[in-house]
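When we follow the working numbering, the leftmost residue of the sequence shown carries the number 1, and every step to the right adds one.
In case anyone wonders, no lab produced these hints; they're calculated from the structure.
Here a beta-carbon is modelled for each residue, glycine too, at the ideal position from N, C-alpha and C.
A portion of the hints provided could be inaccurate.
Straight line, CA to CA, 25 angstroms or less: simulated SDA-like cross-link-like pairs of lysine to any residue [unchecked claim]: (1) Lys149 to Gln90; (2) Lys149 to Val136; (3) Lys149 to Gln85; (4) Lys149 to Val106; (5) Lys149 to Asp104; (6) Lys149 to Val107; (7) Lys149 to Glu102.
Here are the simulated distance ranges between beta carbons [unchecked claim]: (8) Trp125 to Leu45: 49 to 59 angstroms; (9) Leu46 to Val106: 50 to 60 angstroms; (10) Val55 to Ile131: 41 to 51 angstroms; (11) Ile131 to Val51: 48 to 58 angstroms; (12) Asp162 to Asp132: 26 to 36 angstroms; (13) Glu129 to Val54: 18 to 28 angstroms; (14) Val167 to Glu129: 30 to 40 angstroms; (15) Val107 to Ala49: 51 to 61 angstroms; (16) Ala126 to Val147: 18 to 28 angstroms; (17) Ser169 to Leu56: 46 to 56 angstroms; (18) Arg88 to Val160: 56 to 66 angstroms.
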Amino acid sequence: VTGRPFGANRGGPGPDPGFEPDPIRALVDEPPTSTAHRIGSQVILLVLAVVLIVVLVVSGDDPEPVPPPDPGITVPIDGPTLDYQGRRYQLGRAGDLVVVRECDGVVLPWLLRPSTGELYRFDGWASQEFIDAVRVREVHGATGLRVVKGALCDQIHVEVADGSEVVISG
1 VTGRPFGANR GGPGPDPGFE PDPIRALVDE PPTSTAHRIG SQVILLVLAV VLIVVLVVSG
61 DDPEPVPPPD PGITVPIDGP TLDYQGRRYQ LGRAGDLVVV RECDGVVLPW LLRPSTGELY
121 RFDGWASQEF IDAVRVREVH GATGLRVVKG ALCDQIHVEV ADGSEVVISG
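Starting from the given sequences, assemble the full structure and let the hints guide the process.
Below, the structure written as structure tokens:
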């Protein structure tokens, strides 16, 4: 059995006249054809396209998760407790009045102790521990407490026994 050197069947100088190449040897010596390369490239491109489609479908334009609705602020009439963002807060003691004021997007509770006329502001919301209140001022004869909405900051109105009001703003 005589064979040709590698690649002789691929456009080399050509066979000698009267030479019969061995078909098995010719197949063994052949490098991969361009058709095999083309099919391999197409398979790779197909796999990449499928992966890209899967990624785009899975990641898609999923809408942002909607946060749970804010239950709002409720101030029970019968005591100094309030519900804020799903939690219940106990402020002061029996007889105290509580309101919630918003200023520049920050919502904080205020407390009036009518028995002494003392007005307090809380600078945060307690999580696991107590939070101290800041004494803002004393209003003699204070009987009520309410909030009046403002453009940037709500105003605190302390109602006095003589019918007047003391306004706390800023």
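Against the structure, the hints come out as follows:
1. Lys149 to Gln90: Judged against 25 angstroms, a Cα distance of about 24 angstroms means the pair holds.
2. Lys149 to Val136: 19 angstroms, holds
3. Lys149 to Gln85: 20 angstroms, holds
4. Lys149 to Val106: Measuring from Cα to Cα gives roughly 13 angstroms; hence the hint holds.
5. Lys149 to Asp104: 12 angstroms, holds
6. Lys149 to Val107: Holds: Lys149 and Val107 sit about 12 angstroms apart, inside 25 angstroms.
7. Lys149 to Glu102: 8 angstroms, holds
8. Trp125 to Leu45: 49 to 59 angstroms: 58 angstroms, holds
9. Leu46 to Val106: 50 to 60 angstroms: With a Cβ separation near 57 angstroms, Leu46 and Val106 satisfy 50 to 60 angstroms, so the hint holds.
10. Val55 to Ile131: 41 to 51 angstroms: 48 angstroms, holds
11. Ile131 to Val51: 48 to 58 angstroms: 53 angstroms, holds
12. Asp162 to Asp132: 26 to 36 angstroms: Holds, since Asp162 and Asp132 (Cβ atoms, about 31 angstroms apart) stay within the stated range.
13. Glu129 to Val54: 18 to 28 angstroms: 49 angstroms, violated
14. Val167 to Glu129: 30 to 40 angstroms: With Cβ atoms ~32 angstroms apart, the hint holds.
15. Val107 to Ala49: 51 to 61 angstroms: 52 angstroms, holds
16. Ala126 to Val147: 18 to 28 angstroms: Once the Cβ atoms are compared, 21 angstroms apart, the range 18 to 28 angstroms for Val147 and Ala126 holds.
17. Ser169 to Leu56: 46 to 56 angstroms: Distance hint for Ser169, Leu56 holds at roughly 54 angstroms.
18. Arg88 to Val160: 56 to 66 angstroms: 30 angstroms, violated
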